[in-house]
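Q: Letter by letter, the chains look like this.
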Amino acid sequence: MSGGRAKLASVGVAVALLVSLLSVTAAAAATTQDPDVADIPIGKRGGTLRYSSFGSGPKTFNYYLAKETSSTDVLGRVFEGLVTADGRTTEIIPALAKKWEYSEDGLVWTFYLRRGVQWHDGQELTADDVIFSYDLVYDQNIPNNFRFGLTIDGKPLKYEKVDQYTVRFTLPRIYAPLLRSIGVPIMPRHLLYDAWKAGKFNEMWGIDTDPKKIVGTGPFRIVEYVPAQRIVYERNPNYWRLDKAGTQLPYLDRLEETIVESQDVELLKFRAGEIDYLAPDRRYVADLQMEAASKGFRLINGGPTFGSEFIVFNQNPNTIKQPKLSWFTNKLFRQAVAYAVDKESIIDLAFAGLAQPQWSPIGPAAKVFHKPDVKQYPYDLKKAQELLAEAGFRRGADGRLRDADGNLVEFDLLTNAGNRARETIGSLLKEDLTRLGIKVNFQPIDFNVLVRKLTETYDWDAIIIGLTGGPEPATGRNVWMSNGGLHMWYPGQKQPATAWEARIDFLFEEATKYLDNDVRRKYYNEFQDLVADQLPLIYTVNPEAWYAVYNYVKNAQPTAFARGLLYQVDELWIDRR
Amino acid sequence: MWRYILRRLLYIIPMMLGVSVLTFFVMKLAPGDYLDLLRLNPDVSPEAIEQLNRQFGLDQPAYVQFGRWLWNVLHFNLGHSFNYGAPVSYLIGTRLLNTLLLSVASLALAWTFSFPAGVYAAVKAHSTYDRVLTFAAFIGLSIPNYFLALLLLYLVVHFNLPLPVGGMTSSDFASLSTWGKVADIGRHLIVPAVVLGTASMASLTRYLRSGMLDVLGQEYVVTARAKGLPESRVVWKHGVRNALNVMITIFGFELGSLLNGAALTEIITGWPGMGRLVLEALRAYDYYVVMGTVLMAGVLLVVGNLVADILLAWADPRVRLQ
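Protein chains in written order, with my numbering: chain A, 3 to 579; chain B, 58 to 379.
Hints may contain errors.
Using 20 Å as the maximum straight-line C-alpha spacing, the simulated SDA-like pairs for lysine to any residue come out as follows [what the hints assert, rightly or not]: (1) A:K385 - A:D520; (2) A:K157 - B:P103; (3) B:K238 - A:Q536.
To give a feel for the contact side, a few chain A residues facing chain B, derived at Cβ under 10 Å [stated by the list, open to error]: (4) K61; (5) V267; (6) P319.
Just so you know, the hints here were simulated from the structure itself, not pulled from any lab data. Cβ atoms here follow ideal geometry from the backbone N, Cα and C, with glycine treated the same way.
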């Protein structure tokens, strides 16, 4: 989610002010009084960046109603928050707020806005717009995704305007993920307040609105939207960022985004030079690598993604009968299965070699809190066999595995049909478990049926599925807290069923109560060790995100975190010849 | 005849009612709904999902949802899309003409080629020409459209042809002159029209050939030949004229499917038509978009058949409408 909103800035505000005093351009000085100076190689103004977005395009221009990345990827160019996440480092950096500070007890946070930031229609952005935006966040009639992260122990933040350029937030308790959640897109009060008061905010700025009426503060504004074909953006001439030479960003005049629903066609368009940049399917990366030098483009590894793929066993005593329940709740059984997961083959067969094994619930992409040295389960069927023996399972003369009471070990393994990676993981696992004498009925089924099983009926044995993630572990509370709805192996518990789940509940709560990352890391480290030992989710691999960019696109640094290079769209420039 | 037309048009009402009841409840029978994708997103709170559930009316029994939809339709309101939050009529409006354009273009292409090819194949039945044509038609029938579309686009890129890789308009479309716009759409139309055109060309040629062969085997054709009429008059005056019935019936069917769109071809060639919209809506359980398009396609099918019947009566004095 935050990846969609990611937008880049990179230098400290003090330096920014200093440099801008030395080298202001007349145009910039007239408007933005607190510009940000980008620490990037100096480029040239002008040009158009052409790219494609995979899918069917945006579903709404109303950021507060946007539910998926096809909309937020578009609106992320147009709207901004007080803060944003650096697309390279995932750190929180200033955006519309030039700086912030918090009281000693960590409960009162003050944000100072840049002065003279203009909306695309020329109005100045002030604290009133910020207050208005948080009114929207906490309006129960607006089903937005921001409120969830800004509700602490069931309570909202208090927010108030101090003066034209200052807003203050008061928290019910210390809440470490605050900065991750507080960068909600700021909306123009002067255009939307009346509609909101009339209870019509949810009808505003739908996909049928003339896109020229969509007004934000971002580096680009939409000038044309042709359904199922393309979106054209034009440069915001009053944007608040400069390069070190004092040139106002963005460098580019236009963006042309083509909506393409086929990855094969995206690839053809890239090869034909119709688009300048591509996020290719991993299967094509090797082929592209070979022609890159002669065609004048390069391939960039954006690193591992936040998305995970894992195997989960159902431990819900209300729906799983014995003897299955006793197997699935047995740690040794789960560990044995973990030893039977052949990650190398998964990487080669399902991800064209472009993935990394994942051992910890906080994957390597979440740099700040990832613990690399948790307990690992390298592919080893012998080890798996030993663990099963230790747990009382025995193989009969027929080669089949039986538990201590003589029950044949057999279970159903489901995943959503059509997901090639998960289908591959399932077939490989079935094969390896068969060698251990376990009968696995592997069946890819319809996605919606799978979701119903996971969230409503709970009638399943084992499932291969994945979840999205982000740099802040606390956003996973719906998965890890024992009362969470996505606590897949036993959701919505009144009391934690096991001691280790109770411990995870505690760690997850505590970790949000300190602002110091070193303190927080201790809690998350213990959490990662605990999960790696108990294996409620048996992680498989983290795919890498790869990008192909023509060499004439300068300053391009696509990353998996930012889902490409659009986070830095104001820094890119085109060097033809 | 007018009464006949009126009666046929009135049939549309109960028919559409039946079609929409079927469509709606079949969709409802499929497990899952639009919100399922959100249910697995850790960023979306259960409260937000509950709120959307109420807002979309998904918490109501199916017959209540259908009743509400029907009430809206009777007031010329096709409802709102869950996925886009926009009126269904707006979504269909953005795609309708595009689909029509593509269908008409591919239809025209198919008929211009198939008509002479099919007639000639019947006249020269079992000749080398006929065999080659039959062979080509079977190839055409067996190549999947999406594959042909990808192949054509690949050739465009590989041979650097001055054709766009997908889409319907260029990015500078808005600034072009009227003729420039027509030419631009024409350039984009070539690949999808050829893909869809060749697909129906293959079957059409076969239909026309067999229709024509039937006629050519009739006794009045033998009589005409026996009278010593020139072969061209036999073929055109007695053959084609009588084979028209078959062709008109086929044409009526094709008229009815003008708006159906061809999802896979549209997806590959980036043509912004109805097929893409419907497929996306079906996948996302966006009920009212599916219902809206099914209604339109249903009405068009009935009207297409009606037009075919009228044409038939006009072309063939033996057919009477009543």
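Q: Against chain B, with CB atoms and a cut of 10 Å, does the hint on K61 of chain A hold up?
A: holds (5 Å)
Q: Between K157 of chain A and P103 of chain B, does the CA-CA distance stay at or below 20 Å?
A: Between K157 of chain A and P103 of chain B the Cα gap is close to 16 Å, so the pair holds against 20 Å.
Q: Regarding the pair K238 of chain B and Q536 of chain A, is the alpha-carbon distance no greater than 20 Å?
A: violated (64 Å)
Q: Please work out if K385 of chain A and D520 of chain A have their alpha carbons no farther apart than 20 Å.
A: violated (36 Å)
Q: Let me know if the C-beta of V267 of chain A comes in closer than 10 Å to any C-beta of chain B, holds or violated.
A: The hint holds - V267 of chain A has a Cβ within 10 Å of chain B, the shortest such distance being about 5 Å.
Q: Tell me if P319 of chain A is really an interface residue toward chain B, meaning its C-beta lies closer than 10 Å to one of theirs.
A: violated (22 Å)
Violated hints for the displayed structure, listed by number in ascending order: 1, 3, 6.
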